[in-house]
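Number of protein chains: 4
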Amino acid sequence: METETNRIEAFSDGMFAIAITLLILEIKVPSSDPGSLTKALLRQWPSYFAFLLSFVYIGVMWMNHHRMFNHIRRSNDTLLVLNLLLLLGVTAVPFPTAVLAANLGTPDQRTAALFYNGVFVVIAIFFNVLWRYAVSHQLLDKSLESSAALISRQYAVGPWMYALCMVLAFVDARASLALNVALAIFFALPPHLVRRS
Amino acid sequence: METETNRIEAFSDGMFAIAITLLILEIKVPSSDPGSLTKALLRQWPSYFAFLLSFVYIGVMWMNHHRMFNHIRRSNDTLLVLNLLLLLGVTAVPFPTAVLAANLGTPDQRTAALFYNGVFVVIAIFFNVLWRYAVSHQLLDKSLESSAALISRQYAVGPWMYALCMVLAFVDARASLALNVALAIFFALPPHLVRRS
Amino acid sequence: METETNRIEAFSDGMFAIAITLLILEIKVPSSDPGSLTKALLRQWPSYFAFLLSFVYIGVMWMNHHRMFNHIRRSNDTLLVLNLLLLLGVTAVPFPTAVLAANLGTPDQRTAALFYNGVFVVIAIFFNVLWRYAVSHQLLDKSLESSAALISRQYAVGPWMYALCMVLAFVDARASLALNVALAIFFALPPHLVRRS
Amino acid sequence: METETNRIEAFSDGMFAIAITLLILEIKVPSSDPGSLTKALLRQWPSYFAFLLSFVYIGVMWMNHHRMFNHIRRSNDTLLVLNLLLLLGVTAVPFPTAVLAANLGTPDQRTAALFYNGVFVVIAIFFNVLWRYAVSHQLLDKSLESSAALISRQYAVGPWMYALCMVLAFVDARASLALNVALAIFFALPPHLVRRS
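Chains W, S, D and H supply the protein sequences, listed in that same order.
If you count the first sequence from 1, position 167 lands on 167 in my numbering, and the numbers rise without skipping.
If you count the second sequence from 1, position 142 lands on 142 in my numbering, and the numbers rise without skipping.
If you count the third sequence from 1, position 14 lands on 14 in my numbering, and the numbers rise without skipping.
If you count the fourth sequence from 1, position 186 lands on 186 in my numbering, and the numbers rise without skipping.
Some hints could be false.
It does not matter which identical chain is meant; a pair holds if it fits inside one copy or across any two.
To be verified - Derived DMTMM-like pairs (lysine to aspartate or glutamate); straight-line CA-CA distance at most 25 Å: (1) K142 / E9; (2) K142 / D77; (3) K39 / D172.
FYI, nobody ran anything at the bench for these hints, they're computed from the structure.
Could you build all of it, start to finish, from the sequences and the hints given here?
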């Protein structure tokens, strides 16, 4: 059945690659008065911010998905459905990203941060559902049981981190976004630390 | 010739993955008065509804396509053309999806539901044409003949289900969409039941 | 070096799949008065026409590309560049398609038909350049020499067919488009005939 | 670990293929007075220019990425992250391309050329970072050490070439773009020379 998970991985990779590449379409060419392109480009910082944040998050999700399927050796219909549920979340990311970009620095900043992180809470839950299903239905490679236990503990943290961003957004939207950035840096920079944390 | 169907599958997977991921581009960032983003996001429920429905339908079609090509062992030019015809239907889905989203809750709701389900009737017919061609031209793996017979019976039902949605749309558009939702849940939730129904 | 052409094929397949799937994005949801969605959908026939035509042409190009690389066994840098040149043409197709759709039935119909077929003349020439390079630099599988000669003769016809559509467009734009449709049907329907013609 | 780099390559190829194909979406159908489509199409030369330039640059980056991973035999988490950083740059290309197309021939031409080339300076630096990491952490195939040394020397030139375009843009935007075209032709036409330069 290894071929089976290979095709799931290839299909999932395709959807991750497309979702992450579509993010750039949400950054529009600014219309500007003649001679003021620099200012117009700089004024679009919320779009760049949201693009970078979502790029890192989708990139990290791809690496986690990759690692997960390194452990999964067998597949069945339910796993296919749970994986599609996860991919549903991933492909939706360009929309909350665009909502965040459009509302940073406006009175709706808090709502946008709540919505953005809410989508990631759901995706992180889907990650856990998929992984726990694979664990409890013995779809894993037996020889990797110790690192599987590590993954279980790590993934369980995910939804809480994004939920914390949501709670923070009620207090202060900027603090919430600062935590988002910290998470992205934590995810992107020290892979050895993330793996052992 | 196994390599041959492998490349068809890879190309088809690519098109399924792109079509399903492009669906999100039809959901636009709402323009809203300051402070009313929540309301503006909620007002877009038809877009989310249509996105989810089409995501499930394309996802299920991908799983069915996958299963079909698990049975098909040989390929020829006509199979390539029939598969492209099926993919023509799949790649078109973002358009009826957007039409449905734009017209839910308006006087054109019925027309949109008819158009939406009409496209799926055509796709379901293309599925049957492809499968029957493979069966009648001995392109299947002989060892899987019994499950092939099961597939033949299941696929034959597909066009009628979407046609029933069309008929219902003449009576009541909401009833038609409720049946669409029921179909999506039936497809997505109990894969064991679907396989044995 | 078989791995080498495998990766070229996979990359090319990806670009074919994306270009063909992006075509649907050029069909926009019509804005219509309440209750007149049917009429509004029907009024968009030029978009559907152009979509179907380009879908068939890209689909056929993919099958031809596939067949070509079944014969090519070795690769080098120049082949990579010539293949990218061909893919440049393929990825450009959504633009002339949209131009054609926007101008069917207007005084600019002829210009649009000329532009549309002009792009395909260029693509067909790129096909021949790539193929002739592979033939003349001994990159082909020796055991397939007879079918390679057949391909050489078939591909040489391609640019002339689209050029004929261009010439016809000067006489009558509708006649030119009718020939386009005839070509598409000829390509799509009888693969055995196409192969032996 | 060869499988490991295979999946990185497949994912990277997917993102290259999508980014290069999305470029065409930035070329919009011109709105024109009846009978003046030819003029309207010609007036869009900046869009075609920017499309062709970016197509060549992404195509060349894909070939270089390809060559780089022909030498890389082992992978680790840091390599994954550095590769995603490079892909971040690649997927961003449609945006500076559209900015360039929108501002060619306007007073903002210089700013657009600076921004465009600035993005490529960053991408070229990411290329070097990835490659140097692979070299210094012994992830390369030992048998290819001599051609690896050649690659190191070639890649080191990349950022300087785009930086030179930036410097030129301060003097004269058109000279800068002429150098961009010369670079593209140099990259695209003589692969043997590029390899040995």
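Go through the numbered hints given earlier and state which of them the structure violates, listing their numbers in rising order.
-> none
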